[in-house]
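Enquirer: Start from the sequences, fold in the hints, and give me the full structure.
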Amino acid sequence: MTDLLAIEPWRLAASYLFLILLLIMSQLLKLRRGKEFLVAAVRMTLQLVMVGYILEFVFSQRHILVTLTIMFFMQSFALVTIFSRFKGKINPRMKKVVALAMFIGTSVPLAYFMIVVIAANPWYEPRFFIPIAGMTIGNSMTGITLGTERLAQVFQTSRARIEEALMLGATPQLAVGDFLSDTFSAAIIPTINAMLGMGIIFIPGMMTGQILAGASPLDAIKYQIVIMMGILGSVALAVFLIIQLGYRTFFNERAQLINNQE
Amino acid sequence: MQAVFSLTKISYRQILAIPALEIPAGSLYGITGKSGSGKTTLLKLLNNLISCEQSGNVFYYGQNVLTIDPVSLRRRVVMIPQSPYIFPGTVRENIRLAFHFNRKEVPRQDVIDNLLDQLDLPGFMDKDTFNLSGGEKQRLALVRAVLLDPETLLLDEPTAALDDENATAVVSHLAQWVRKPGKSVVMITHAGALISEYADAILNLARGRIRSLDERRDSND
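From first to last, the protein sequence lines are chains A and B.
Mapping of the first sequence onto this note's numbering: residues 588 to 849, in sequence order.
Mapping of the second sequence onto this note's numbering: residues 20 to 240, in sequence order.
In case anyone wonders, no lab produced these hints; they're calculated from the structure.
Every residue gets a Cβ at the ideal spot worked out from N, C-alpha and C, and that includes glycine.
Hints should not be assumed to be uniformly reliable.
A few chain B positions that, by computed beta-carbon distances, are all more than 10 angstroms from chain A [claimed, not checked]:
1) 25
2) 70
3) 76
4) 93
5) 119
6) 122
7) 144
8) 220
Dumping the calculated DMTMM-like pairs for lysine to aspartate or glutamate here, alpha-carbon to alpha-carbon at most 20 angstroms [stated by the list, open to error]:
9) B:123 x B:147
10) B:123 x B:170
11) B:156 x A:595
12) B:123 x A:750
13) B:156 x B:176
14) B:53 x B:170
Expert: See below:
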């Protein structure tokens, strides 16, 4: 491994030339969105500076409670993001399922990953735990969102089909059978596509970062492979929980279809 | 006489209010009334697709439906809605799917062919349901339900999309079917003359209430 290529402050400042170019283009095209671009760049800078200092602090602590609190914060933030997307569109029981899928679907694979695959010492070592938690939670958030959206759509557009199956004597599970497998496939497709294109269509950000930081590409790919597997496990478990527990929230205890918001 | 359904103090939202009603077992029971009179709601209550939230009880052969497993009840009491959903694929696949949902073995081919003939769907077994007319779809839904051989059939306007000839064929078939031991039919209809000819009793609903009940003959006759 070679040394990290340090970026001196003036070179960091020089990178903002691209922002200036964008602002000039915006002016030339009379886009009137210069302020928006500037705010985005300033926000990105401030957020990263803030997270940099927070991570410096967290990495120096190496305390299980600090690590777990940060993971809980990330999971909660992901949940708030999902809920805001489905405001008024999913029932309270479905919200509980989404929360369960997020917490169980990300925590269990993460624990396995840290203890068995990475074998970090200690297992909660924040330098490994937090970036990996961020990647699994972020990807699971996408899977959960897609799964929930698709499930809600199924019960909206295929209500007549499901009710017909119930009238013919189907259990709720039989009545929605095919829809569940379709929903599962649709929700994990982004993860599968990412795996298919990896290394050929794009070099993943984490691997790029490691190579830039001086790691050998052969070491970087090992990390990338295990992390993709971790993400796959987490997304698959979260989506599985969403569909297996989620479809039940559209029925009551009398195996009757209920309205979405009831 | 034993009742297939007994209803007491039924009150469902602002749609239905029935103090007491007994539907005799072994009968072809007609329900008539204008749109919005609560006919479909009554049928859904009997099929346990909805339950009384405010008050009232529905009994099936004397047992409160709330104490019967809802899925096993629907396997004994099969309902066909006004616009039945026909699954994509062939007639054969539709029949197979109905038996898959009902967890029963598909009957012999000659039994199926015989019923298809009786309901004017001869040689339709491998026909794509996409190409069926409204009336053919309605009769296919009836074939699917009758083949399941439930104890009770609940039918929401099964003749609505049929011409007179087919409507008569369907209702007379139901009138024969209900004479088999342990069978009952509750049928919503607007075909006044037809139901007058075949029904054992006719209930008329208006604004969710019983307007009249014409018990024409003892179903055990």
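Enquirer: Taking the hints in turn, state whether each one holds.
Expert: Hint check results:
1. Distance check for residue 25 of chain B against chain A: the nearest CB is about 19 angstroms away, which clears 10 angstroms, and the non-interface claim stands.
2. Its beta-carbon lying about 6 angstroms from the closest one in chain A, residue 70 of chain B breaks the requirement of being farther than 10 angstroms from that chain.
3. Chain A leaves residue 76 of chain B outside its interface by the beta-carbon criterion, the shortest separation being 14 angstroms against a cut-off of 10 angstroms.
4. Its beta-carbon lying about 5 angstroms from the closest one in chain A, residue 93 of chain B breaks the requirement of being farther than 10 angstroms from that chain.
5. Chain A draws residue 119 of chain B into its interface by the beta-carbon criterion, the shortest separation being 7 angstroms against a cut-off of 10 angstroms.
6. With a least CB separation of 7 angstroms from chain A, residue 122 of chain B falls inside the 10 angstroms interface cut-off, contrary to its annotation.
7. Non-interface status of residue 144 of chain B relative to chain A is upheld: no Cβ of that chain comes within 10 angstroms, the nearest being about 19 angstroms off.
8. Annotated as non-interface, residue 220 of chain B keeps its C-beta farther than 10 angstroms from every C-beta of chain A; the closest such distance is 23 angstroms.
9. Proposed proximity of residue 123 of chain B and residue 147 of chain B is contradicted: the alpha carbons are some 23 angstroms apart, above 20 angstroms.
10. For the hint linking residue 123 of chain B to residue 170 of chain B, the alpha-carbon distance of about 14 angstroms falls within 20 angstroms, and the restraint holds.
11. For a cut-off of 20 angstroms, the pair hint linking residue 156 of chain B to residue 595 of chain A is broken: about 75 angstroms separates their Cα positions.
12. Among the hinted pairs, residue 123 of chain B with residue 750 of chain A is consistent with the structure: their alpha-carbon atoms are about 19 angstroms apart, no more than 20 angstroms.
13. Distance check on the hinted pair: residue 156 of chain B and residue 176 of chain B sit about 13 angstroms apart at the alpha-carbon level, within 20 angstroms; holds.
14. With a C-alpha separation of about 28 angstroms, the suggested pairing of residue 53 of chain B with residue 170 of chain B is violated against the 20 angstroms cut-off.
The structure does not agree with the numbered hints 2, 4, 5, 6, 9, 11 and 14 stated previously, though it agrees with the rest.
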